[in-house]
Every structure is written in C-alpha cells, then in structure tokens.
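**Q** Each chain is listed here by its residues.
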Amino acid sequence: MAGTVIGEGLTIEGDISGDEEIVIHGNLRGRLTTTDAVTVGGTAVVGADITGASLSVAGQVTGDVTASERVDIQAGGKLVGDIKAARFTIADGASFKGNVDMEV
Amino acid sequence: MTETSVIGAGTVVSGHVRGQGSLEILGRVEGDVSVSGNVSIGPSGRVRGNVSGAELTVSGQVQGDLRGTLSVLLEAGARVAGDISGPRVGIAPGALARGHVQTDGEPALAAARAPAAAARPVVLPNRAVPAPAPLPPAIRHEAKAPLPPPAKSEAKAPLPLPTRLEAKAPLPLPTRLEAKAPLPPPPHNAPPPKPEARKPEPPRVPPAPPQAEFTPVRPIKPEARRPPPPVVPVISKGTKAKKKKSND
Numbered sequence: 002m003a004g005t006v007i008g009e010g011l012t013i014e015g016d017i018s019g020d021e022e023i024v025i026h027g028n029l030r031g032r033l034t035t036t037d038a039v040t041v042g043g044t045a046v047v048g049a050d051i052t053g054a055s056l057s058v059a060g061q062v063t064g065d066v067t068a069s070e071r072v073d074i075q076a077g078g079k080l081v082g083d084i085k086a087a088r089f090t091i092a093d094g095a096s097f098k099g100n101v102d103m104e105v
Numbered sequence: 012m013t014e015t016s017v018i019g020a021g022t023v024v025s026g027h028v029r030g031q032g033s034l035e036i037l038g039r040v041e042g043d044v045s046v047s048g049n050v051s052i053g054p055s056g057r058v059r060g061n062v063s064g065a066e067l068t069v070s071g072q073v074q075g076d077l078r079g080t081l082s083v084l085l086e087a088g089a090r091v092a093g094d095i096s097g098p099r100v101g102i103a104p105g106a107l108a109r110g111h112v113q114t115d116g117e118p119a120l121a122a123a124r125a126p127a128a129a130a131r132p133v134v135l136p137n138r139a140v141p142a143p144a145p146l147p148p149a150i151r152h153e154a155k156a157p158l159p160p161p162a163k164s165e166a167k168a169p170l171p172l173p174t175r176l177e178a179k180a181p182l183p184l185p186t187r188l189e190a191k192a193p194l195p196p197p198p199h200n201a202p203p204p205k206p207e208a209r210k211p212e213p214p215r216v217p218p219a220p221p222q223a224e225f226t227p228v229r230p231i232k233p234e235a236r237r238p239p240p241p242v243v244p245v246i247s248k249g250t251k252a253k254k255k256k257s258n259d
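Chains R and G supply the protein sequences, listed in that same order. So the first sequence is numbered by the working numbering: it starts at 2 and just counts up by one. So the second sequence is numbered by the working numbering: it starts at 12 and just counts up by one.
Everything labelled a hint here was simulated from the structure, so no lab data went into it. Careful: at least some of the hints might be erroneous.
Beta-carbon label-pair distances, calculated as ranges [what the hints assert, rightly or not]: (1) Thr36(R) with Thr114(G): 42 to 52 Å; (2) Leu81(G) with Gly99(R): 42 to 52 Å; (3) Val81(R) with Thr114(G): 47 to 57 Å; (4) Met103(R) with Val112(G): 55 to 65 Å; (5) Gly105(G) with Thr44(R): 37 to 47 Å; (6) Thr114(G) with Thr90(R): 47 to 57 Å; (7) Asp20(R) with Arg59(G): 15 to 25 Å.
Sample of chain G residues facing chain R (criterion: CB under 7 Å; computed from the structure) [stated by the list, open to error]: (8) Ile18; (9) Gly19; (10) Gly21.
Derived list of chain R stretches under chain G, where covered just means 3 residues or more per stretch with a C-beta under 8 Å from a C-beta of chain G [stated by the list, open to error]: (11) 6 to 14; (12) 17 to 24; (13) 27 to 41.
Yeah, the Cβ is synthetic: ideal placement off N, Cα and C, and Gly gets one too.
For reference, chain R alone in the conformation it holds in the complex (with noise of 0.2 Å):
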C-alpha cells in the first residue's frame, strides 16, 4: 500500500515532503518532494512544483517536475510544467505543455 495518499475532496495546502511512495487523487497546491514514486491519479488536481523517483500522471499537474527515474502522462492526464527526467513518455491522448530535459 501507498505510504501517503491524499484521497479525493482532500485538499493541501503546503508542502509534502517524505521517503514514501505518495498517491494523490485529491487536490494540492504547494510543493511535492519524495524520494520514491509520485502518482496523481484522474480526479487530482495538482498545482505544484513535484520531486520524485517516477512520477505517473493522470490528472491534472501544473508545475515543474523533476524524476530520477521516469515520467509518464497517462491518457487523460494533462501535466503544463518543465520535465526533467531521464525517461518520459506521453500516451495518446494525453495534453503536455512545457520542456522536456531528458539530460539527468
């Protein structure tokens, strides 16, 4: 199970820091840092600056994301933010805006 997850109707406001995988289905504005998988899933709304392993999206993202491993948009998702990741992938369907740096 997900260390954290921040259901649907939940809202933060702040900042979220941890070592444990994080599930967010609700809503956060502020900061996200972890050191292991970020998921957003579809009912999320997400304005925050993201730091993680690998970060999967399917909802909402606006901010700038940084992954050590990977990023994946899934269908759906729409993420408007710079990427810096070493893996990124966008599924059909899928709505991007901003740079990618695929350099780490």
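Based on the hints, put chain G in the right spot on chain R.
**A** Positioned in the frame of chain R, the structure of chain G alone reads:
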C-alpha cells in the same frame, strides 16, 4: 468516493489539510487539519495544529486543539497539548492530555464556550493556569484588605474573617497612637518604623498628618503581605521612642 486519505509515517506535510473524507495520520502534519470524516492519528503520528473532524482517535502526539463533532478519543500513548472538545470525549488510561476539556453536547453549555474560547491561547493557559490561578485570589484578598479598611473596612468587610481582624486591629491602633503623638514626631517616626516601611520611607517622611501616613501604608501591604503583624509591635516601639524623644 470519499476514500480514506493517509499521510504515511515517512511523510511530512507542512500546511493545511482539509476537505471531505476520512484521514489517517501516521506521519507529521505541521498545520491545521479539518475534514468532514474521521481523523485517526496513529502512534507515529504527530500534528502541530488544530484538528477537527467527526470522530477523532488519537494515539500519537498533538499540539493544538482537538475538535470532534461526534467524539474525541485519546487512546493509550496519546499525548495532547491543547483544548479538547466534542459531544463525547474519552481519555484512556495511558493517554496524556494537557488543556481544557469540554463535552459540549448540551445547548446550555454553549454559553460557556465563549469564555473558554476567549481563554484559548492554548499552550499558555496550560502552563500558566496552575500557578497564577491560586496566586491572584490571595493577592486580591490581601490587596483589598488593606485598601478598604481605612475608610470602608467595616462596611465592606464581607471579605474573609481574618482580613477583618487584621484590618480592625492594626488600623485603630496606629491612628490612635499617631493621633496621640504630637505632629512634630512624624519625622522622628521615620527611623523607628524602618523595618516595617523600608520601601515607602521616602513617601513617609514628607506627610506630617497621621492620615497622610496611612496612604503610604496602603502600598506596603499589597507589596509585602506581612506588614500587618509587625505593624503593631513596630509602632509600639516607635511610640516608646516618640515618648522618650518627646520627653527629651
């Protein structure tokens, strides 16, 4: 769809958490938590901020107010520094709580919330309440005692009995003694009463009439509560000195 949210043991949230659904806190939250569902703060959970929810179950540490619309339960190992309120409040053996606790299910108690809220400075009252609470009353009684006696002591005497006695005893005596003593002595008066009026000495010297001497006496009593007892012996000594001096 309101699934339970979890803040993991390795996660720190610095900011406000609010919204629908239940929340389980195993990590740290530095900020207020306000959700519509239940809040569970695990043994490893720490919250610095106010927590409100339907049913609060605390096994960890909380620095802030706990407000449960249904209930608040502190389980063994819980450490709470802050006010606790809810229709039902439970504190299990082994739980530590420091603060104001109120079960406010009845509307009659709603009125009592106002003062409780006014005195909210959570941390301060907790530390300060025990000490200052006992002190003020004592000071007030003693402070009131010396002030009213000269004019209204007997009238307002509804204070404690001891105060009446002290007020009546010392007051009449000094007035008579000082009244009997000629006016010139007052300057001589200053030296003898030294032990009694070390602080007010300066004010004492100038006032010649006995009445004026009383006014300085007032401040003495509130500052040091012991004056009353010494007054009698000191004055008696002083009067002796006065008599001797006057005789001289």
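**Q** Confirm or reject each hint.
**A** Right, here's what the structure says about each hint:
no. : hint                                 : result
1   : Thr36(R) with Thr114(G): 42 to 52 Å  : holds, 44 Å
2   : Leu81(G) with Gly99(R): 42 to 52 Å   : holds, 45 Å
3   : Val81(R) with Thr114(G): 47 to 57 Å  : holds, 49 Å
4   : Met103(R) with Val112(G): 55 to 65 Å : holds, 57 Å
5   : Gly105(G) with Thr44(R): 37 to 47 Å  : holds, 40 Å
6   : Thr114(G) with Thr90(R): 47 to 57 Å  : holds, 56 Å
7   : Asp20(R) with Arg59(G): 15 to 25 Å   : holds, 20 Å
8   : Ile18                                : holds, 5 Å
9   : Gly19                                : holds, 3 Å
10  : Gly21                                : holds, 4 Å
11  : 6 to 14                              : holds (count 9)
12  : 17 to 24                             : holds (count 7)
13  : 27 to 41                             : holds (count 4)
The structure is consistent with each of the numbered hints, conforming to all of them.
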